[in-house]
Every structure is written in structure tokens, then in C-alpha cells.
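Start from chain B and add chain A according to the hints.
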Amino acid sequence: MDDQLNAICRALDFIEQHLKEDIRVEDMAECCGYSLFYFIRLFNQTVHLTPYDYLIRRRLAEAARELINTKRRLVDIALDYDFQNPETFARAFNRVFHTPPSQVRKSGVLDSRLIQRACGRNQLLYYRDYGTPKAQQCTLQQILLAGCPFESDLTVEMVEQVVVRLTPFYPEMREFFWISTYSSHPFDRQPAYFAGVELHDWTALPTNLFARRLPSGRNACFQQRDLLENLSHIRAYVYQSWQANTAETISSKIEIFRYSLSKNSPSTELILPLFNNNDSSF
Amino acid sequence: MEMEFISQPAVILMGMSFFGDPFKAAGDWSENNEIGRLSQRFMDFMAASHVSLEGILASRDFYEVHIYNAETEAKGLFEVFVGYPITALKEVPLELSCKLLPAGQYAQVNLRGETIISDWYIDLNRDLEDRGWQRGRPFFFQVYDQRYKGLDRIAESELTAYIPVEPRQAQNG
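Protein chains in written order, with my numbering: chain B, 38 to 319; chain A, 162 to 334.
Hints should not be assumed to be uniformly reliable.
[Unchecked claim] When the alpha-carbon atoms are kept at most 35 Å apart in a straight line, the in silico DSBU-like pairs for lysine-lysine are as follows:
#1 K143(B) / K290(B)
#2 K251(A) / K290(B)
#3 K290(B) / K108(B)
#4 K57(B) / K143(B)
#5 K251(A) / K171(B)
#6 K171(B) / K290(B)
#7 K251(A) / K143(B)
#8 K171(B) / K300(B)
Hints in this document: simulated from the structure, not taken from any laboratory.
The following block holds chain B by itself, in its conformation from the complex (with noise of 0.2 Å):
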């Protein structure tokens, strides 16, 4: 298992190396030293992308950095990164970031977690140990929650910070939600956090809190044990390997957390909209 561990991150770092060559599959192989089909298959399996896909988002991701970067031509950027042409790589970029370059050049702008990360070997350790988060689909109607802004993402630290700020309101509180949205504009370039309850009369908000609006329509579900403490692996794998695999698209705008605080079973569920969603807000 090591030594296919260690042939999966020879080709990886193959790739790192020649991003901007002409690379082929076969190469990154012969690297390894395994037959091209026996390769592919086992790639696939350990990094949950195909060997070609990761290479053209791995080229898309350092193009995209030189885009918001550099002031070099965009042709000089698709050209340099092995694209035939700017069509092509604008394609490629469309389908991966679901914006044009041309805009993400004007806007300095890209969502951080469409970049498609070198993969090292904590994300293929993470793979090996915990298997992938299985997404189930949902349904959730709107709801309207209660709770206050918070400075930075989710992790375990922050779960007890939000059980302080909203207990004194909320004593019985079971669960909360976690609202993670990520602005387009320009100006507001940071995530901006919020945690709150259900609140279900808007009379009975408190002064001290704000609301926020959870959208009714589709989601894809995610649950895994330890998810915040592998919150980052999970998403590399959700917004890479998993969007790739299926005809959903998941909706850029926001990131949505159960948190169960049963004493018994604390749990997370990572809940994404799904993009083809009838709530007009997507």
C-alpha cells in the first residue's frame, strides 16, 4: 500500500514538475514505473481524479494565479500552460471556475476553493484512512435563523465559541447552523461567517442578534466523522473530485453546516445548494 502511496506522489510531483511541458499520461507511468492502464486505474482510486483531469486543473489553478498576479496576456498565460489556444483554456476555465478569465483578470477574484491544490500526501492519507465523504441529496425548505457574525471559518475551537454567544438566548439550543457565504463583489473579498439558530416568529428576535435566510431548494449532503478537523481535505475533495463526477453543480455562494451538539454524538453535515436551484438567490 506504502509503495503505491509513494508511486502516486512520484507522478504528482512529476506533474508539479512539468506543468507547463508536454506532458502525456504515459509519462507520468513510465515515472512511476507502472503499466499506463494499471497507472490510470490506481491514480484514480488514491487521488479520486483521472490522472489528465488533475494535470489540466493543476495548469488551470497556476494559470489562474498569474492571471490575478501578473499583467502578462492572457494568450501568453494559455499558451505558456500547454493550452492550443486562449479558446480552449477559456473553455477549460469556464467549465473548472465557472467564470471567464477575462472577468477573474478585471476582478482580481477567485473563489479560493475551486483552485485545485498541488495534492499531497496528508490529502492521500486522509483518502486512505477515512474513505470520501458520500453525499446524500436533500431537500430543505427556508429557514430563518437567529445568531451573530463570526471572524473566521469553522473548526472545533469555534464550535465552543458559538455555543457561548448564543446559549445565554437559546439554553435549550440542540443544534446550530453555520453559514459560510462567498461574495462575488469585488469589495467584499473575505467569507463572511454567521451562526444561528432556527428561529421560527421574527417578532422573538433579539435586539442583540441578526437573521439570515436560509434558501428552501436542493442540496448535496455530506457526513463523515471528524469533519471539521478535516474540514480542508474534505473540501479539495467535494469541490474537485466529487464536482467533476456528477452532473449536479454546486452553488459557489454559500457553504451551510448542521452542527448537532448532542452530548452523546456531536456531528457535522457539510449541506452545499445545489445549482440548478429554484430559489432565485443562487
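Okay, now just chain A, sitting in the frame of chain B:
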């Protein structure tokens, strides 16, 4: 100072908030303080928003709410919320929050010209007591409507502040 005591229904606002010391970087009535920046951010969002909000906006009156807490007196930290009043929650954009201004008794203070940027609230507690009231919940809000012309035309401007009040309780002893 013109002051009336009114019974006000609940108002629900849609907008954005800031928590901290809004005057840390720039003082009162500067467009560069955190309240000015928050208002600008909200206005920019509204201008850039592709969702039509006309169906839920009660008016384009601009509300600025200050909400105090245990840290306000000691550290000068408080919450500022800016936004518009709405009639329905259904289409509120995901990026925005809502705030409820509760129904109740309010002191309604009309401010004109230079009084707007003066320290008119310093003697507020005494003025309320003189009229048989005291401050209620720890917040207040100001409404900027078409009478407010901007900081550069403050002499011609008017706005209204609302302070929650309750009947004054007799002091023990």
C-alpha cells in the same frame, strides 16, 4: 432639542453590520470611520446586486443602528448596523443580515443642521428624566431620509433619532 414620545411598531431591517470601535481609525462624523466605510460597503453591494429588491423594501430610508453591550462602557466596543427597512424576508440576499427593531416606546428626536454633528446625546439622560422617562433597551437608531443632504450640506440637513424609553422609575431612598 425637539423631542416627542411615540409608540413605534417593530421594524425589520436588511443590511450589514460592524462590531468594534468604529472611531478607532477616524473620529465621529468622518466618512472614513468604520460607520462610513460600512455604509459605503452596503451601498456598493446594493448598487451591484443583481436581485431586484424593490418588492421587499418598505422604503429607501437609511437606518443606522447602534447597539451597546457589556463591552461598550469598558472598551468602547459596540455594534453598528446599517440598512433599509423591509416588508418580507423571502428575497433577502444571502450576503445580508436582518435586524429587528422591537416595537415599543421611543423618544423621537429631530435634529437639524449643525445639531446633527454636535454632542446632542450628552444631556439625553437628563432631558429624558425631566420629562418622566428613562432609557430602555441599550440601543438607538437614526433615520436618514430625503431631508438629509449629506455632510457637505449639513446646514440644510435634518434627520431623526429614536431612543427606546420606559417610564422613569422612582429612585430608592
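Broken hints, by number:
none
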